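Take the sequence shown: its position 292, counted from the start at 1, is 292 in the working numbering, and no numbers get skipped.
Incorrect hints may appear among the rest.
Keeping only pairs whose Cα atoms sit at most 30 angstroms apart, straight-line, the calculated DSS-like set for lysine-lysine is [as the list claims (entries may be wrong)]: (1) K130 - K216; (2) K279 - K216; (3) K88 - K279; (4) K130 - K88.
Calculated directly from the structure, the hints in this document are not laboratory data.
Please read all numbers here as calculations on a predicted model, not as lab measurements.
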Amino acid sequence: MFISNSTWNQYAMTFADNFIVGTNPYGLYIDTNNSIYSINRQYGRILIWMNNSNDPNLILYTQLSSLAVSIFVTTNGQIYVGDGNSTKSNSYSNQTISIANVSGSCYGLFVDINNTLYCSMYYEDKIVKKWLNSNSSTMTTVAGNGTQGSASNLLRGPYGIFVDTNFDLYVADASNNRIQLFRLGEINGTTVVGSTSANLTISLNWPTNVILDGNKYLFIADGNNHRIIGSDENSFRCIVACSMSAGSTSNQLNQPRSIAFDSFGNLFVADTSNTRIQKFRLLSNLSNSKRKNERFHIFI
1 MFISNSTWNQ
11 YAMTFADNFI
21 VGTNPYGLYI
31 DTNNSIYSIN
41 RQYGRILIWM
51 NNSNDPNLIL
61 YTQLSSLAVS
71 IFVTTNGQIY
81 VGDGNSTKSN
91 SYSNQTISIA
101 NVSGSCYGLF
111 VDINNTLYCS
121 MYYEDKIVKK
131 WLNSNSSTMT
141 TVAGNGTQGS
151 ASNLLRGPYG
161 IFVDTNFDLY
171 VADASNNRIQ
181 LFRLGEINGT
191 TVVGSTSANL
201 TISLNWPTNV
211 ILDGNKYLFI
221 ADGNNHRIIG
231 SDENSFRCIV
241 ACSMSAGSTS
251 NQLNQPRSIA
261 FDSFGNLFVA
271 DTSNTRIQKF
281 RLLSNLSNSK
291 RKNERFHIFI
C-alpha cells in the first residue's frame, strides 16, 4: 500500500528487451510470490521470471497466436490468457485448454475472489464474465451492451479491467478517455477518472490499464500520454514518464499497455511501442521509521 508521498525513480532499468519479449509486448502480471509473467506474441510463448531471476527461467511453448494480448494468474498458479477469440488456461505446462470462446479479443482479463473470469472486449465495447466452476462456456455481459458510446451504460474500446473485493468493476474505457466504475449489479457506470468525471481529476488520453491497491488508490497506464499516473488521498498525479511525449530514453515510455507492482512497490511497465518491459524502483513509501518493513499489496 502506498502513501501520498511515495516516489519512484524516474529513470527505469530495462527489465526485458525485444530479444526476450518479442515485438510489442502487451500482457504483464506479477503474482504474490513476485513471479513475473508476460507473453511473447511473436513466438506464442508465456514467459515467467521466478525467484527474482533476471531472465525468464520458465518458458511455456504454448503456441499462442499473435492476438494473445492479456494475461492473469490466480493465487493457485492457474494462468489465463486472452488469445484472439478464445480464453485459454495453463498450469505451468506446454498444454493449454480453452475456457471460453468469445466473439472478439480479450484486451483485459481478471479473475475475482469468487473465481469468476472477466474479459474486456475492446472491439465489442463490453465486458463479459464467466464463473470458472461452471461447465458452461457461455459468458454474460456485465458492462456495456456491444454498442459503442459514451453514455454511462456504454463503453468505447474498453481495455484493462480490475475487480475489487466488493466485486466492483473498474474499466479503462480507452477510446472514451476515462475510467469507469460499475458497482455490483449496476449497468450504469460512474466516471471516476477523466475530464468528464463529476469532480475533475486528471485528463486521460486512451488509458489502457487500471489497478487498485489496498488503500483503493488507482494506478493507470495513460497510453497516448505515454505516462503512468496514480492517486492518493488528495488527488491524481503523474508518477513516472511525466513529459507526456513518446520516447525511448530511460525516463520515457511509448504507449504503455500494462502495469504491475511487485510486493516491494517497484513498478513494471509493458512499454509496448518501445518493445520492452521497464522497471521503476520505489524510492520512498515511508511515513516514519516504523514502516520500513511494510510491503505493497494489490488486493483482489
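Has the given pair, K279 with K216, been kept, meaning a C-alpha gap of at most 30 angstroms?
holds, 23 angstroms
Verify the proposed pairing of K130 with K88, using a straight-line Cα cut of 30 angstroms.
Holds, because 13 angstroms separates the two Cα atoms, which is no more than 30 angstroms.
Take the C-alpha atoms of K130 and K216, compute the straight-line distance between them, and say whether it is at most 30 angstroms.
With Cα atoms ~25 angstroms apart, K130 and K216 stay inside 30 angstroms; holds.
Tell me if the straight-line CA distance from K88 to K279 falls inside 30 angstroms.
holds, 28 angstroms
The structure agrees with every numbered hint stated previously.
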